[in-house]
Structures are given as structure tokens and as C-alpha cells.
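Two chains, two separate frames, one set of hints: put the complex together.
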Amino acid sequence: MTQPDDSPSFLPPEVEAEASGGQVSPVLVAKVAAHIWAARKAYLARLPVAEIVEILDRAIGLWLEAGSPWLDAASRSIAAATPYSEAMVRLGITRLLEGCRKDALLALLEAELGDPAVLDTFRTRPGTRGSHRARGPAVTTHIFSGNVPGLPAISLIHGLLVKSACLGKPASEEPVFPALFARSLAAVDPKLAASVAILPWSGGDAAVEAAAFAASEAVIAYGSDAAIESIRARVPPGVRFVGHGHRLSLAVIGRETLAYDSVESLAERLAYDVSLFDQQGCVSPHVVYVERGGTIAPQEFAESLAQAMAAFERDMPRGRLSVEETSAIQQARSEAELRELREEPVRLFASPGRTAWTVIYEDDPAFVPSCLNRVVRVKPLVDLAELPNLLRPVSRHLQTVGAALSRERRDRLADALAPLGVCRVCPIGEMPHPPLHWHHDGGFNLLPLLKWTAIEDPAEG
Amino acid sequence: MTERIADLRAAVLEMIRRGADQPRDDAAFNALALRLFAYQFRANGPYRKYCEKRGRTPDKVQSWLEIPPVPIAAFKELTLTCEPVEHAVACFMTSGTTNPEKRGRHYHFTLEVYDASATTFFKANVLPDVDRLRLLILGSPPDLMPNSSLSHYLWLMCCNFGASGSSFYIGKEGLEADRLLADLRAAEQAGESVCFLGASFAFVHVLDLCGQQGLRFRLPAGSRVMDTGGFKGRSREVPQDALYGLIGEHLGVAADRCVNMYGMTELSMQCYDSPLRRARLGRQEMRTMEAPPWARTIILDPETLAVAPEGEQGIICHYDLANCSSVVGILTEDLGVATREGFRFLGRVKGAESRGCSVSVDEMLAAAGKTTP
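As given, the protein sequences belong to chains A and B, one line each in that order.
Be aware that the first sequence starts at 0, since it is given in numbering that gives the first Met the number 0, and climbs by one per residue.
Be aware that the second sequence starts at 0, since it is given in numbering that gives the first Met the number 0, and climbs by one per residue.
Extracted from the complex, chain B is given alone in its bound form (with noise of 0.2 angstroms):
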């Protein structure tokens, strides 16, 4: 039995489509789940010898769970596509901040089903209440990014979702701050709600601007912000808290508001901590990210590789349907822990360090990192 892949997009873009309220159906999960895996298997040669040596082969594997994820380093080292890359209309690159010669690459070559997954879960946990909305963008178009998932995350959010006047403020010369400046004014004296998002790193640059000159805006009712991604090397660090303390502080817009999106290049969903979706399924208010119901994310014990006790930290490991033409199990390097509605993302796993007066790789690579400028 070989299925095409227009079938298996078809079933995907079938499942995304009873959108993000649908009951979680495990049965239905699985069984497309295992089609993909005999598909990727039989299609990608270094994933079904990764598979092979596993002994987790399309006969043997009757759960998904027992699909073996890829690490996210694979990305850098093979190329983990179903079909000839020639073919392919995008390719998202990882940013390679430890490597730049090294990026991960996540080649697509529809874009239907990414877009369907990115577009489906952003309404329901950014802009559950509204249709459209003022989009402030921290971030840069596709045109300067043009392999950056992110940049075409935000594009499309923003002809999909973007009222008239929405933008991007990261261009050619860095972050506009002046144009954005003026406009969070616009907005606020117009009474003009906005949906304020982008990296969270850039967050950090424009609160510390309106530290440095007193701003404090009062973004009218219906504002909220949504940020995503880490600081590495590209702003101080600051606890998510911290970073929405800010955010009350310099626009106006309350914690209860802010929503966190956690995505990755190799991944074709993102998962919310969203507490607009919360409070419109009235759930419990507590900080934990959701997968859309065409992914699950599990944890994963860092010694064995199996689903780690609830409540232990361990590594972080998705699957994703929506991954259609590459891996559906992605093993990251991401910390996390299980809770009941999903799972905590604690960090990315750092290096290990030695106890005493031997020395890890890490730690070489940090003091290598210290004298390189």
C-alpha cells in the first residue's frame, strides 16, 4: 500500500479544519500518524535507516509514540525531505546562532498545510474575540527574511488577520523606532485597540527605549501582545514575568493579555500559553502551552528517551501532522515539563558542565565564545 502524499496532505488539512475546538480524538491522531510514518519511512532514506537501526520499522510501530523522533541537529546534517528539493517553494533555516555555517533547513513544498496549522491556531489563542486587528509587528517581512519561518509566520497572520495601518518595524536598518513610537501614540490617543507581536527579544529593546525615555503608553482596551523566542545573544535576558511586568508598565497592557507562542523552524504548528483562549474556554488560569489537536508534545526522560514520570523535567519532544513532507516526531533541546493541558517550556537545554577541574565541550565553546567578539 503506498499512499501519495496529495492524500496525506488532504487528511491533514481535513483535521486542521475542524479547527482548533475540536474534540481531541487520539484514535483518528494515530491512525494518520502511523500513514505519515509509512510515508516518511518509505520515502526518506537517512529517516528510514535511522528508523531501521531502531528496529521501528512501518510493521512494528502500531502507537505513535513509538515513531522515532529526529533530533533537530538532523536538520543541520541531512537533508530531511519526501521529496526532491528542486521541488521545494520554501525553505526555512534555523538562525545558527552556535554554528552559522551550520543551519538546520526545513524544506516545504506546499505551503497549504503550514499555513492552514499557523493561521487556524493564532485565531483561536491570539484573536479569539475579533476577526481582524491592527497588527504591530516586531519582526521583518519575508522580502529581507526570506528563510525565516518566523518572517512568514508574521506575514501571514498579517494578511490573513491585519486591520488597515498594520506593519512591520524591523527593516533594512534595524528596528524603526521612531515610526513605531509615533504610532503606539496614534493608537492610543485614536482609541484604536492593537494586537502589539514579534520576538521577544526585540520586546526587550523596545521596553528599554521607553525606559531610557520615560514612555508610558495606555493601550486602549482590546490590546494585547503576543511575543515568542528566546533572548539569545540578542538582548539581556529577562524572565517571561519580567518581560510582562514591562509590558504593563510601558503600554498598558496587562499580563492576562499577553500571549506567548512557542514555534520552531522545524516544526509546521505552534503552541500557545495563551491566556485570551483560557479565559474564553473557561479554563483555569495557569501559565502552560498548548499543541493544536493535529499535534501532541511529550516529554521525554533525557537518560532512557521515554515519556519522562508527570511532573519530572526532561527534553521536549513534538509531534507534529502537519509535517508533512519531513519528520512527524522532532526531539528538541528544550527543557520542559508535562502539565495536564500541556506542558511547560523551561529553557533550552544547556550545556553540561564539569564538576571540578576537568572541562566539558559546553564549557570550552563558552570561554571560546568569551574571546571571540
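Same shape as in the complex, but just chain A (with noise of 0.2 angstroms):
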């Protein structure tokens, strides 16, 4: 039976020997390609979509299992391969996949097609003449990022539930969840895993890519702006292209819901959506707007906060960073610092000793995107209206914003906060879970990835 290793591929058993010497070829790739595009076509481009959801969550229930092998492995190797700590890597993967079981699945596919049967045969829709049939990418190519372990879980099961078979190459950073993920598949259906593989191969290799993006139908990518331009440039015309590049997120806490009897665990939630992967995930905050006028005061609200983080990080320390990452934020520090001492309306809070964790609270209410890893920046606000105009130079890049507003005025926010990008508001504490459901980056998960046909019945005269 099909066990936990480290291998950073998983390959058709046909080219492992090949793929052995560790250069990728573009010759190696169309191979692969080939092999799964023909295990899709053989079993799993025949598979009623609702069987797929059932092997795709038992596959995670593996995961899920007390004392799950797949878990340790993961935590474990992708502790040793990037910075974060292994209880990190363990909350988030766990979390991450608690999203994805059966109920998520159907929810993800009747959010997006009505009815999911449109994926296996031709099916009549209510106030449209004849019936449609939706067909998946025959081969898909994923371009994994590294921020967030287990994210690639949500990119496969993408082109799964769309009977796609799947190439996959993992991050250089990550190297190790996807084909763990593609081994979890393979102990539940080994069929359905033979359209799985991933293969890691130097990133922007324009020869290598060139020839994986020719064996498929779409390409799903996520990185910085610079790499998903660079592929979006070099994916063929006819193939659809589904990028997710930088983005940046925030939260606002509004005047009344700052009461002395909730704002330990509001900062404590709010720690947590700041700490969870360091700060790397797009959405993750990188300023806290806070109203004034409560009962507790911005700079108030910022001295909690920073205890929080503080408390975080006992129980999940930061993890490493390079010189440059470490600078960034002896910087920012030195900046608040100094501009504390001219006597600005400036306060840091900073974990003593270390760079672990940096709360820099100041009157400026000018959105500043952080250094990242667990820096953040408490601003004040007299009123919700101003936000707008404070993220209009920003707004290319706007994704999520945790809020603790009341009901009234956050559907106020949110409609004012649409039109510059925001396209998710979540409850603070919540930031880092988006459920699958959710229009990633404001657009659709599956329905890119489609084709449909339609038969149309003649006019009824």
C-alpha cells in the first residue's frame, strides 16, 4: 500500500526510472503528460463527479485521522524544507483540509455549476432550451507556491472534481506537500491517481514549461506578480490561464465592538490571522485599522494586540528568516522607534531580544503594506467612510478584510470596499480559512477551467 515519503515527485511508475537522473526535460514532461493524459482518459474522465468527491474525501480523511502518518510526514519534512515550526505546519494543513471534506466539495460545485451532473453527462437547465454537458481540461498544469503548506491540495482538487488529469510542479521553497497529497490519493484510488503527477523541475525553465503547457488545456499558477506575468506571457493562446499573484489584506475593527470584556480574545483572534504562516498568505493582514471613539483606544486596542502576538508565539515561535527578512524588520522597528522619539504619535511594541513579532502603532492612517513576518500596523480611524480613499493607492492588489463591525455597517463596508478589489469580508480570527467555496481573487474556481456544449431542441412552434 501506497505510504508517506519524502520524494518531492510522484510520477507514472512508466518514467520513474527515467526521471531518476534529476534533470527535467522537456522530452520527460511530455512523457508524463502523456501517461496521465491516457490514466484520465481510461478512468477518471468516467467517473460520476459525485464518486470523485467521495475519493477525494476519503483521501483527506487520512489526513484528518488521529495520529494520521500523512500529517506527521508532512509537518515533519516540511518543517526540516522551509522556516515555519512543525505545530505551524501541522494547525494550518490541518485547518486547510478540514475545508475541503464531502460537504465543502458539493457546496464548492453547486456554488459554481447549479447542478455538478452537468460534469458527466448532458442535463437540461430550468429556463434554457435543450441540455449542457461541462468538460474539464483534458491535462491541467499547476504552478504551486510555497507560502502556505497545503495549499496545493485546494489547486488539485480543482482539476480533479473537473475530471482534469493534473501535472503539478511544487514549489522550490515547499518542495514536499503536493506529492504527499498525490500519494494520499493513490492509497484511497489508485486509478484516479494515475492522472496525478507531480514533477519538480526548475521554475521559469522555458523549455520545460513550454512543453507542459503544451500538453494541456489550462494552467493554474500562484506566485508573486512578476512570475505570474512571466507565465501568463508564455502560455499558448487557447489554453486557459488562471493566475493568483500578490495580494494584500487588512482588518478594521469598528468603534462598537471595542468593549473591555471581548478585546482579549478580539486581539487574540486578530494575533492569530497576523501570525498563522508568518504573514505570507495573502490573506493575511498587514494593517489593523481600529475606530476611534469606543470604549478602548486604538493605541489601547495595538498595547492588547501586541501582548497576543506575544502569546502566539510561545505556542507557535516564527520561523527563520533570511538576512534580508530580518533587516526588513529592524527597520521598520528603527523607522517607528526614531519616530517616537521626535515625538510623533508613534508607539512600538516589539518582542524583546528578538524580531520575532512587531506591533508599530501610528496616527498616519496611510495604508503601508508590511515587511511581513508578524509585523503589523495598528492605525486609527475617526470614521469607517475614510477607509475608501485610505486604500485607493493600493487597491490593485486588495483581497480580504477581517472585520469586527456590526452587522449593518459591515455589509455598508463591504459595498464600499467592492469596487477597489475587496472580495472577501470575513470575521477576524477567521482570515486565514476562506471556505472553498469562496471566488478566490473575486472569480470563479471551476468554471474557467471548463468547456460546455450545448444541444439545443428545435423551437417549439
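It should be emphasised that the hints constitute simulated quantities derived from the structure, not laboratory data.
Check each hint, because a few of them may be wrong.
What the hints assert, rightly or not - Just some of the chain A residues that point at chain B, by a computed CB distance under 8 angstroms:
hint : residue
1    : Thr325
2    : Gln329
3    : Gln330
4    : Arg338
5    : Thr354
6    : Arg411
Ideal Cβ placement from N, Cα and C applies to all residues, glycine included.
Dropping the structure here:
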């Protein structure tokens, strides 16, 4: 039976010998793609989507059962390969996969397709003439990022739900998870897993990627804006492309939610949102806007947040950083400290002795992206109405807003921020965990992969 | 015990006058550093608060290593002087490449110490074998760049060590290439050795010009080159070795006659990587920066800001006793590694990058820079 192991590749047995040489060639990629294409045709393409959901749910179950060797292996290997601590990896993957069980998979299918059976056969649709069927790409290339361990599962799930063979390239910083996830699929259903291949090549290798894209009908990529642009430019015409580039998130706290009996819990939830995966997620908040006029002043809230950041750090220490990353934190801190010395309205709260966490309170409300790795700014707002103007300069990148607001004010804020590109407003404490059916970056997840065929009935006279 | 700045300056000058080759006297360095720290702590309000926050006050600090170094950003945010700024005789300013509205300011209330520090160590590193040489200066004179410490430095060297015919070649209209190339040709033909010195990026322009025009000078024996500073946005980036390769090819000056200077607006001393000095002292030939005896350079672990373990990369931090009226300790934004003789400069600390789909402030600034011409 398939067991967890550390190898970053998961390949059809026919090409394993050839791939063991190390260097990935365009020819190898073409062969891998041909194998998973054939495996899909023979099996995955014929599976009813309801069965795919069952298989995925069973595989994810393997990760979530008590003492799961899959979760153990992933946490251990990812903690060794990335800056993240084992505890944080374990927590992150668990939360992510808990959101991918059967009910969530069905909710995603229903949200995007209405009737998921359009993936299996021609189906009539109320209000339309005739019947429709949706077909996913025969092969999809997935370019994963390494910032959020576990995230490649989502992309693979999207591909498999639409019955696409999946060729995945793991990120060099986190090469472990994708192959492990593929092996857990094989443990449940080897025939389905035969439509999946994970092959680490060096990102941006134009010849290898050209071979992968040529064999695919769709490409899904995660990464920096520059990486996404580079890939988009190389995807051939006619191949569908879904790119997830740089995004910025923030939190907003309304005066009505600031009370002495609840501030500690609010600060704890926000510290979780900031600290999980060391702020490297597109859903991680950079700035917290706190409205003035509540029982608790914005600066007091910054202090509570600092305490909560310290507590989270004790449980889930921040990862190891590069000299550049650490220096960026030191520079952000000294800038704040110097402004404090100049008696500007700035307060610096920082972990003593080390750069583990930093909270900078400042009166200046301008949105400033963080240097990341648990550095967050708290800024006061006289009124929520100021927010759209403050966010306009970064609107191209806006994504999630974590909000602690009355329902009515939250809805009004969402209305005001939607034109600026904000595509998700969620409770504080849930920022890192969007539901599977969320319109990621404001778009559909499955629909961009599909091609539809309609059979029109004759017009009834 | 309150010391007068005049006495402190006299003590620093005395140390400088003992020269570049004086034995390293750590006890004397420490004693003078602590005296300067006590003075600066008392005379400089923002710096005092900075130290008090760290619990580093003159009554507690026993070693120069405990004197809090100030990040260079402080020269932009605060007025870091021990005397009223209206008494300043010079204010050197940083170029403000990242933000022209925020330029660091370093005030000097006399240039006696700065000048003694700069000339003494320049002589030891660039002209250890001659008293005067014709200086061909790839820089602007101070009347064009009154706030540039580099212009002042180059002017100082021109006055103190320049033989007749020494000249600046960057004027109001930029590089005076025709005059420079003619003077290089004349020096070559007359067999007159020269010292060709200035900003690294300006050398790149001149060498590119030589390349385009197919010019190859063979500067006479005894000639030498000294370059300084980075390339940021001023020319294409050229690694130091490649620069020396081009200098050898187009000017006929070998790498073992090329000196690299490391200086900063915020300092009153310069460090040198000088094969000429190493050859004279019979030291092993290995590229390394050396600070003068009145300064110390250490490498700090960026995480803890404690001295980094030997051989590990970290942030370069200088203690410069010639900084009498500002601050002795300067925390740079430069990356370096300690060597036996000094340190190696590895470049400016590049901005932090995100590892995935989040975006860091440095990436935002870089992107903004790309869209604005």
C-alpha cells in the first residue's frame, strides 16, 4: 500500500527510472503528460463527479484521522524544508483540509455549477432550451507556491473535480506537500491517482514549461506578480490560464465592537490571523484599522494585540528568516522608534531581544504594506467612511478584509470596498481560512477551467 | 565630570596623528570611545532617549561594544548633533536615492578632525609610496556639490596630494569626456603616472565609452585607480572583479593597483580595500576592507543585533571616533562578513521579498518604481 515518503515527485511508474536522473527535460515532461492523459481517459474521465467527491473525501480523511502518518510526514518534512515550525505546519494543514471535506466539495460544485451532474452528462437547465454538458481540461498544469503549506491541495482538488489530469510543479521552497497529497490519493484510489503527476523542475525553465503548457488545456499558477506575468506570457493561445498573484489584506475594527470584556479575545483572534504562516499568505493582514470613539482607544488595542502576538509566539514560534527579512524588520522597528523619539504619535511594541513579532501603532492612517513575518501596523480611523480613500492607492492588490463590525456597518463597508477590489469580508480569526467555495481573488474556481457543449432542442412552434 | 568638546577633539586628533600604522591599542580606543559616548549622551537629546530606552547609559556602559549604534535612518529623521546646527561649518547630505525628500544630514562644526582622518588614511592606502601624484578625479568639485561628503573628500585629496595638472572631470554639464580622454592620452604619452579616482558608477560610464570607441590606454607604471560607492540607479551594475577587468583592459591598470574605498555620509572615516597598502606591509593578498585605527567595524546578527559569529553574514556596524559631534556608533543598511583584517562588504541589504502571494513593502516600492519613469 502507498505510504508517506519525502520524495518531491509523484510520477507514473513507466517514467520513474528516466526521471531519477534529476534533470527534468521537455521530453520527460511530455511523456509524463501523455501518461496522465491516458490514465484520465481510461478512468477519471468516466467517473461520476459524485464518486470523485467520495474519493477525495476519503483521501482527506486519511490526513485528519488521529495520529495520521500523512500529517506527521508532511509536518516533519515541511518544517525541515521551510522556515515554519512543525506545530504551525500541522495546524495550518489541518485547518485547510478540514475545509475540504465532502460537504465543502459539494458546496463548491453546487455554488459554481448549480447541477454538478453537468460534468457527467448532458443535463437540462431550467429556463434554457436544450441540455448542457461541461468538460474540464484533459490535462492541467499547476504551478504551486510555497508560502502556505497545504494550499496545493486546493488547486489539485479543483482540477480533479472537473476530471482533469493534473501535472503539478511544487515550489522550490516547499517541495514536499504536493507529492505527499498525491500519494494519499493513491492510497485511496491508485487509478485516480494515475491521472496526477508531481514533478519538480526549476521554476521559469522556459523549455520545460513550454512542453508542459503545450500538453495542457489549462494552467493554474500561484506566485508573485512577476512570476504570474512571466507564465501568462508563455501560455499558448487557447490554453486557459488562472493566475493568483500578489494580494494584500487588512483588518477593520469598528468602535461598536471595542469593549473591555471582549477585547482580549478579539486581539487573540487577530494575532492568529497575522501570525499564521508568518503573514506570508495573501489573506494575512498587513494593517489593522481601529475606529476611534469606542470604549477602547486604538492605541490601547495595539497594546492588547501586542500581548496576544507574544502569547501566540510562545505556542507557535515564528519561522527562521533570511538576513534580508530580519533586517527589514529591524529597519521598520528603528523607523518607528525614531519617530517616537521625535515625539510623533507613534508607539512601537516589539518582542524583546529578537524580531519575533512587532506591532507599530501610528496616527498616520495611510495604508503601508508590511515587511511581513509578523509585523503589523495599527492605525486609528475617525470613521469607516475614510477607508475607501485610504485604500485606493493599493486597490490593485486588495483581497481580504477581516472585520469586527455590526452586521449593518459591515455590509455597508463591503459595498464601499468592493469597487476597490476587496473580494472577501470575513470575521476576525477566520482570515487565513476562506471556505472552499469562496470566489478566490473575486473569480470562479471551476468555471474558468470548463468548456461547455449545448444541445439545442428545436424551437417549439 | 563634563568634558569639553575641544578636549575630546584634541584627543581624537592625537590618535589620528599617530598614523595609519600605529599599533591597535584597544584600551586607548575603548577609553576615548567611552568619553565620547558620555559627551554625546549628554549633549544630544534624541540620542540620550534612544540610549535610555535600551538601558545603556554612561554609568553602565563599560565597553565601546555596548554603546548603542544609531541606524543611519536616524540621520534622516532626527537632528543628530551635539552643538547648535547654526554653528555648523558643513552639512553633508545623503543622496536620497530612495526618497529625495528624506536626506540624511551629518553636521560638522569643524572639519579639522574629518580632514585629518580622511587624508591620513587615504595616504596610507592610495599613495603609500608617493607624496604627490596627478589626480584625475571622476567627481564634482565642492562648489557644484556643496553638501556632498564625497566632493569634499575628493577636493581634500586634490589639495593635499594632487600634483600639477590634477583636475575634476564632472562639471555642470556632467562628464567632460573629451577633456578626460585627451588628458589620459597625454599622460600615457608623456609617461606620467596618475591616480584616477572617483565614483564607481562614473568609471562604468567611462569604461563603456572606451569600449564603444575601441580605446585602450596603457597608463604609465605607478598609476593607480581608486573607486568608491555603489551603482544604484546611476549606471549598469558591475561586480567589482568585472570592473577591475575592464580597468585592466581599457586603462592598463592591473587589479593589484586598484583600490576600493568604502565611505558614508554618516561617518568621518573611510575604509579601504587596498592591495597597495597590503603590499607595502607585506600582508597576504586577500580582498578585505580595513578601518583606520581610530575606528572599529563589527558585523551584527540581524536577529539579535549582537556581534555575529565569525564568518557569518550580518549587518555592518561602525564605531568611528572621528564622529565627535554626532554619534560614534553607526548601524548601516549594508551586508558584510568579518575577515581577519577587517570585513568584506557584500552589498546593500536588499528588501525583503514575500515567499508567495502576499506582497511585502519592498516589492510594492519596487513595483511603484517600475511604473514611474
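Going down the list of hints, with the structure as the test:
no.: 1; hint: Thr325; in the structure: holds, 4 angstroms
no.: 2; hint: Gln329; in the structure: holds, 6 angstroms
no.: 3; hint: Gln330; in the structure: holds, 7 angstroms
no.: 4; hint: Arg338; in the structure: holds, 6 angstroms
no.: 5; hint: Thr354; in the structure: holds, 6 angstroms
no.: 6; hint: Arg411; in the structure: violated, 27 angstroms
Hint compliance for this structure: hint 6 alone is broken.
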